[in-house]
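Each protein sequence line maps, in turn, to chains A and B.
Quick note: the first sequence uses our numbering, first residue 33, plus one each step.
Quick note: the second sequence uses our numbering, first residue 33, plus one each step.
By construction, these hints were calculated from the structure, which means they are not laboratory data.
One or more of the hints may lead you astray.
[To be verified] Capping the alpha-carbon separation at 27 Å, the derived lysine-lysine pairs in DSS-like fashion look like this:
hint, chain 1, residue 1, chain 2, residue 2
1, A, 127, B, 67
2, B, 58, A, 127
3, B, 89, B, 63
4, B, 127, A, 54
5, A, 46, A, 60
6, B, 63, B, 82
7, A, 46, A, 67
8, A, 58, A, 46
9, B, 63, A, 67
10, B, 60, B, 46
11, B, 127, A, 46
12, B, 58, B, 46
13, A, 63, A, 46
14, B, 89, B, 67
15, B, 82, B, 58
16, B, 63, B, 46
17, A, 46, B, 46
18, B, 67, B, 54
19, A, 82, A, 63
20, B, 67, B, 46
21, B, 60, A, 63
22, B, 127, B, 89
23, A, 127, B, 54
24, B, 46, A, 127
25, A, 54, A, 67
26, B, 67, B, 82
27, A, 67, A, 89
28, A, 58, B, 127
29, B, 58, B, 89
30, A, 89, A, 63
31, A, 89, A, 54
32, A, 127, B, 60
33, A, 46, A, 89
34, A, 89, A, 58
35, B, 89, B, 46
36, B, 82, A, 127
37, A, 82, A, 58
38, B, 89, A, 60
39, A, 67, A, 82
From a predicted model like this one, the values you see are computed outputs, not experimental measurements.
Number of protein chains: 2
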Amino acid sequence: MVSQLESAMESLIKVFHTYSSKEGDKYKLSKVELKSLLQGELSDFLAASKDPLVVEKIMSDLDENRDGEVDFQEFVVLVAALTVACNDFFVESMKN
Amino acid sequence: MVSQLESAMESLIKVFHTYSSKEGDKYKLSKVELKSLLQGELSDFLAASKDPLVVEKIMSDLDENRDGEVDFQEFVVLVAALTVACNDFFVESMKN
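Looking at chain A on its own, in the form it has when it is part of the complex (with noise of 0.2 Å):
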């Protein structure tokens, strides 16, 4: 049987590569896969942001090596810092 982690792990790679595959490198996101990613799947963080050029900082932030794209190592290190952000703002409601 597969664990809630290992269920979490292959939804990360499954939501990647959903959005990767749409067109060039099917293995990297481009900025208009990576905007359509944000949009689909982190609309609501999407939204919280008043900055037009959210997309696009993302992307300059996240694109360490500079080729225009994101892999998934790159992808991961967006979500993990979300992630910690989201659990921060939990644990800080629990103990409140």
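Here the structure of chain A is known, so what remains is to put chain B in place on it, guided by the hints.
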């Protein structure tokens, strides 16, 4: 509606707190809790390793601030590394 990515992030937080809340600091994993999490959630990974000291080694690797416990941020580093390794394996098998 919660997206697949949001649901995966929520699972990471839930799994961590299921185990971290068992004893001592409710928001950190002791060595006993980490072992219990690895056995309950990543038993296939654990079984694949023949090293009897694997839990001690993972604890030592993750516990960056050397307080004998693993916090959520340290835990996410483990999950990220494992997920990247799984993805690399998946991509290689797709390419072949």
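Output the numbers, in ascending order, of every earlier hint that fails for this structure. 9, 15, 21, 22, 36, 37 and 38
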